[in-house]
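Use the sequences and the hints to build the structure in full.
Numbering-wise, the sequence shown is residues 1 to 246 according to the working numbering.
Hints are computed from structural coordinates only; laboratory data are not their basis. Glycine included, every Cβ here is placed at the ideal spot set by N, Cα and C. There may be inaccurate statements among the hints.
The calculated label-pair distances, taken between Cβ atoms and stated as ranges, are [to be verified]: (1) Met15 x Asn243: 14 to 22 Å; (2) Val125 x Lys21: 15 to 23 Å; (3) Ala134 x Asp24: 25 to 33 Å; (4) Val223 x Arg108: 28 to 36 Å; (5) Met20 x Glu102: 27 to 35 Å; (6) Arg213 x Lys178: 39 to 47 Å; (7) Pro100 x Asn137: 36 to 44 Å.
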Amino acid sequence: MRKDPQSTIEMLSHMIEESMKEIDSRKAQRPQHLNLQLDNTSRENRNVTVMTWLAWLVAERKFQTATWNGLMVAHTHIDQDQRFSVCGATLARKPKLEDPDEFMAAIREVPPSRQRTQRVEHQRVARNWQNFLAPLNVAMGGHTGKNSVHSYTFARYEDLLIAHGDSVDIGVHDVEVKSGDVFLLTRDNMSSCVLSQPPALILPQMNLAALDRARVLPGQGLVVMKRNEIPADTVRNYRKMANAVD
1 MRKDPQSTIE
11 MLSHMIEESM
21 KEIDSRKAQR
31 PQHLNLQLDN
41 TSRENRNVTV
51 MTWLAWLVAE
61 RKFQTATWNG
71 LMVAHTHIDQ
81 DQRFSVCGAT
91 LARKPKLEDP
101 DEFMAAIREV
111 PPSRQRTQRV
121 EHQRVARNWQ
131 NFLAPLNVAM
141 GGHTGKNSVH
151 SYTFARYEDL
161 LIAHGDSVDI
171 GVHDVEVKSG
181 DVFLLTRDNM
191 SSCVLSQPPA
201 LILPQMNLAA
211 LDRARVLPGQ
221 GLVVMKRNEI
231 PADTVRNYRK
241 MANAVD
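What follows is the structure in structure tokens.
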């Protein structure tokens with residue numbers, strides 16, 4: 001698997017889908033707000049592709065709002081990191097781990113956190129979300145770098161009106177705003193009570209039509225990406241090592 005936004009979105013999409021199935025099986029109400037807390041790396045998480053995916057989820061009414069949260073630099077050792085540490089210690093105690101099934105079996109030995117349901121799965125493929133979302137034509141700038149904000153919320157205009165009324169300053173005065181237009185709300189940090197700037201139009205409702213048209217074109221839907229090939233030099237080194245062990 002590649003360490004890129006495609007893999008991040010694929011894993012998150014799968015977790016959301018499985019969580020919704022579990023919620024439906026309990027005849028419980030589905031959540032309306034998606035809140036993610038991710039590492040600040042721009043290669044995998046903090047990038048336009050992931051942000052576009054969140055805006056698309058809101059535009060498609062999968063959620064009322066979707067929020068991307070990242071912690072400040074040097075303050076990212078949080079509960080997720082602690083969980084990784086526990087899993088890492090369990091793996092380190094194993095004398096031999098040679099295939100994905102052995103890794104998954106070892107991780108299943110780790111007790112669930114806070115009595116939560118724990119599932120361990122092997123993600124074998126990722127779809128090309130970047131190409132799939134490209135027709136939405138979402139453009140962002142300033143979301144990476146030392147002085148960038150750390151909290152991004154996506155919400156439809158109709159929900160902004162419900163929450164704030166006509167007094168909300170959306171920073172758009174030269175275009176007609178539609179109820180389904182998705183706006184971006186930024187905060188300096190996830191705990192900030194005020195916005196760092198007025199809500200910005202990030203995904204016009206009409207752009208969804210371009211995505212619908214692209215879906216029917218050959219190769220323009222959600223296509224499974226090719227697996228990473230092991231470089232020839234790496235294969236040769238593996239073979240030398242295996243012969244030496246034999």
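* Asked: Can the suggested window of 36 to 44 Å be confirmed for the beta-carbon pair Pro100 and Asn137?
  -> About 38 Å separates the Cβ atoms of Pro100 and Asn137, which means 36 to 44 Å holds.
* Would you say the C-beta atoms of Arg213 and Lys178 sit inside 39 to 47 Å of each other? -> 18 Å, violated
* Distance restraint evaluation - Met15, Asn243, Cβ atoms, bounds 14 to 22 Å -> For Met15 and Asn243 the Cβ distance comes to about 41 Å; the hint is violated.
* Distance restraint hint 15 to 23 Å, applied to the beta-carbon atoms of Val125 and Lys21 -> Between Val125 and Lys21, where Cβ atoms are some 20 Å apart, the hint holds.
* Asked: Between Met20 and Glu102, does the beta-carbon spacing fit 27 to 35 Å?
  -> 30 Å, holds
* To do: Take a look at whether the Cβ-Cβ distance between Ala134 and Asp24 falls inside 25 to 33 Å.
  => Since Ala134 and Asp24 have Cβ atoms about 31 Å apart, the given range 25 to 33 Å holds.
* Asked: Is 28 to 36 Å a correct range for the gap between the Cβ atoms of Val223 and Arg108?
  -> 32 Å, holds
In summary, the numbered hints that this structure violates are 1 and 6.
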